[in-house]
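Undergrad: Use these hints to put chain B onto chain A, whose structure you have.
2 protein chains.
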Amino acid sequence: MRTISTEASEVPAPPAKSQLTPADWIAAATHVLRDKSIDAVRVDVLAKVLNVTRGSFYWHFKDRNDLLERVLQRWRDTATEQIIQRFEKKPPEQRICEFLTLPFHGQTAQNAASIELAIRAWARRGALARQAVETIDSDRLAYIAQCFSELGFSPEEAKMRAFLVYGYMVNESLLRTQGSEQERYARRAFVERTVLAR
Amino acid sequence: MRTISTEASEVPAPPAKSQLTPADWIAAATHVLRDKSIDAVRVDVLAKVLNVTRGSFYWHFKDRNDLLERVLQRWRDTATEQIIQRFEKKPPEQRICEFLTLPFHGQTAQNAASIELAIRAWARRGALARQAVETIDSDRLAYIAQCFSELGFSPEEAKMRAFLVYGYMVNESLLRTQGSEQERYARRAFVERTVLAR
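For the protein sequence lines, the chains are A and B, in the order given.
Per our numbering, residue 1 is the first one in the first sequence, and the count goes up by one each step.
Per our numbering, residue 199 is the first one in the second sequence, and the count goes up by one each step.
In isolation and in its complexed conformation, chain A is listed as follows (with noise of 0.2 Å):
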């Protein structure tokens, strides 16, 4: 903070740069992180994409860590708590379809998918990210098995079920480039067919 004043006094930010809020300096780390790496996701770097002053990010954020904690939150609110809610409502079989459509929201997804790709990347050697990510994928497994619970499978039944609309959301994200859309809409298809069979 003392750092920032300083600063401040020096070179001045105009107004609407001092309105700055954390979530535009989680937003800007996200974008950072999904077009490049963690490793590039440095408080100097953010602080040039967003025109503002170095230690004017030590106003929202004890430290670098302290952001990505909060970038993994943010990711984690909008990537599952949202989809579930926007679900909520609806029956389970008309739920588990629309899970099964989510890789074809075009723009959305493919930016989505982007930024969770990073995020698995960067777990991989960082273990708070390993930690958010194997939450999430937990939680979204146990959503869905919910969903197969309610059309009356058994727990293991509803757990097998799971795993395979969740794998194919995934590979769907993975594998984007494989196949025509026409053979991407066959095999949602199938895989919608598969998982509802009794």
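No lab work stands behind these hints, which were simulated from the structure alone.
Idealized CB from N, CA, C, for every residue including glycine.
Be aware that a few hints might be false.
As the list claims (entries may be wrong) - Estimated spans, in silico, between C-beta atoms of each pair: (1) B/Ala395 <-> A/Arg54: 47 to 53 Å; (2) A/Glu81 <-> B/Gln308: 29 to 35 Å; (3) B/Gln283 <-> A/Thr135: 37 to 43 Å; (4) B/Ile282 <-> A/Asp139: 35 to 41 Å; (5) A/Thr135 <-> B/Arg240: 29 to 35 Å; (6) B/Asn309 <-> A/Gln85: 35 to 41 Å; (7) B/Gln283 <-> A/His31: 40 to 46 Å; (8) B/Gln329 <-> A/Asp35: 18 to 24 Å.
As the list claims (entries may be wrong) - Derived, one-sided and incomplete: chain A residues facing chain B with beta-carbon distance under 10 Å: (9) Asp39; (10) Thr78; (11) Phe104; (12) Trp122; (13) Arg124; (14) Ala127; (15) Glu157; (16) Arg161; (17) Asn171; (18) Leu174; (19) Arg184; (20) Arg187; (21) Val195.
TA: Showing chain B alone in chain A's frame:
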């Protein structure tokens, strides 16, 4: 090459070191890639790991890019071609089952999966790696589809089922902390029943 003769005369390497082959450099690069990331795969880093002069690298490789191409080539050779050779003489149904069992092959599978995930992470940012990953994914999918074709499935059915088999393999690696060992075996068996069902 000039660099190495100068450096070698200053700090003569022990005989064993001078016998380093391109394969040693490629193996060292793959290790660093797996444990860190593509950014850490630099000639100076590898020379230190191998305890040789930086210049000796240029006896074997034109530049860093040349090394990276051969890292990808080696990955492709070991990851795909050896598997295909290994399974070639078995009946198609057995080949499919063995594919589904691959993620369970303990340490070897985990090491291969770690290398592959590092390469997928690299593919997010590098055209060279992206092309290699797309080619391998496409080759493997075609190979697995071929097994289903031999079992009498139509080309469309064969492709959809191959996507499920391959996707399942990718997922067992990516989501390997999800579920108990028993659950992992159960979902493998479920995928097997599912993809072989008429």
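Undergrad: Could you run down the list of hints and mark each one as holding or not?
TA: Status of each hint after checking the structure:
In this structure, B/Ala395 and A/Arg54 break the distance hint of 47 to 53 Å, their C-beta atoms being roughly 60 Å apart. Range check, A/Glu81 to B/Gln308: Cβ separation about 31 Å, and the 29 to 35 Å hint holds. A hinted range of 37 to 43 Å for the beta carbons of B/Gln283 and A/Thr135 is consistent with their spacing of about 40 Å. Take B/Ile282 and A/Asp139: their Cβ atoms lie about 37 Å apart, and the range 35 to 41 Å holds.
For A/Thr135 and B/Arg240, the Cβ-Cβ distance of about 34 Å falls inside the hinted range of 29 to 35 Å, so the restraint holds. B/Asn309 and A/Gln85 have their C-beta atoms about 40 Å apart, which keeps the hinted 35 to 41 Å range intact. A C-beta distance of roughly 44 Å is found between B/Gln283 and A/His31, which places it inside the suggested range of 40 to 46 Å. Range check, B/Gln329 to A/Asp35: Cβ separation about 19 Å, and the 18 to 24 Å hint holds.
The beta carbon of A/Asp39 is positioned within 10 Å of a beta carbon in chain B (closest approach about 6 Å), and the interface hint is therefore held. For A/Thr78, the interface hint is violated, the least distance from its beta-carbon to any beta-carbon of chain B being 20 Å, above 10 Å. Below 10 Å, beta-carbon pairs count as interface contacts, and A/Phe104 has none with chain B, the closest being about 15 Å; its hint is therefore violated. The interface hint given for A/Trp122 holds, since its Cβ lies 8 Å from the closest Cβ of chain B, which is under the 10 Å cut-off.
At about 6 Å, the closest approach between the beta carbon of A/Arg124 and any beta carbon in chain B falls short of 10 Å, and the interface hint on this residue holds. Hint status for A/Ala127: violated, given a least beta-carbon distance of 13 Å to chain B, over 10 Å. With a least beta-carbon distance of about 8 Å to chain B, the hint placing A/Glu157 at the interface is held under the 10 Å criterion. For the restraint placing A/Arg161 at the interface with chain B, the shortest Cβ-Cβ distance is roughly 8 Å, inside the 10 Å limit, so the hint holds.
The criterion of a C-beta within 10 Å of any C-beta in chain B is met by A/Asn171, whose closest approach is roughly 4 Å, and the hint holds. At a threshold of 10 Å, the smallest CB-CB gap from A/Leu174 to chain B is about 7 Å, leaving the interface hint in force. Taken as an interface hint, A/Arg184 checks out: its beta carbon lies about 9 Å from the nearest beta carbon of chain B, inside 10 Å. A distance limit of 10 Å between C-beta atoms decides the matter here; for A/Arg187 the minimum to chain B is near 4 Å, and the interface restraint holds.
Of the supplied interface hints, the one on A/Val195 holds, with its beta-carbon coming within about 9 Å of a beta-carbon of chain B, less than 10 Å.
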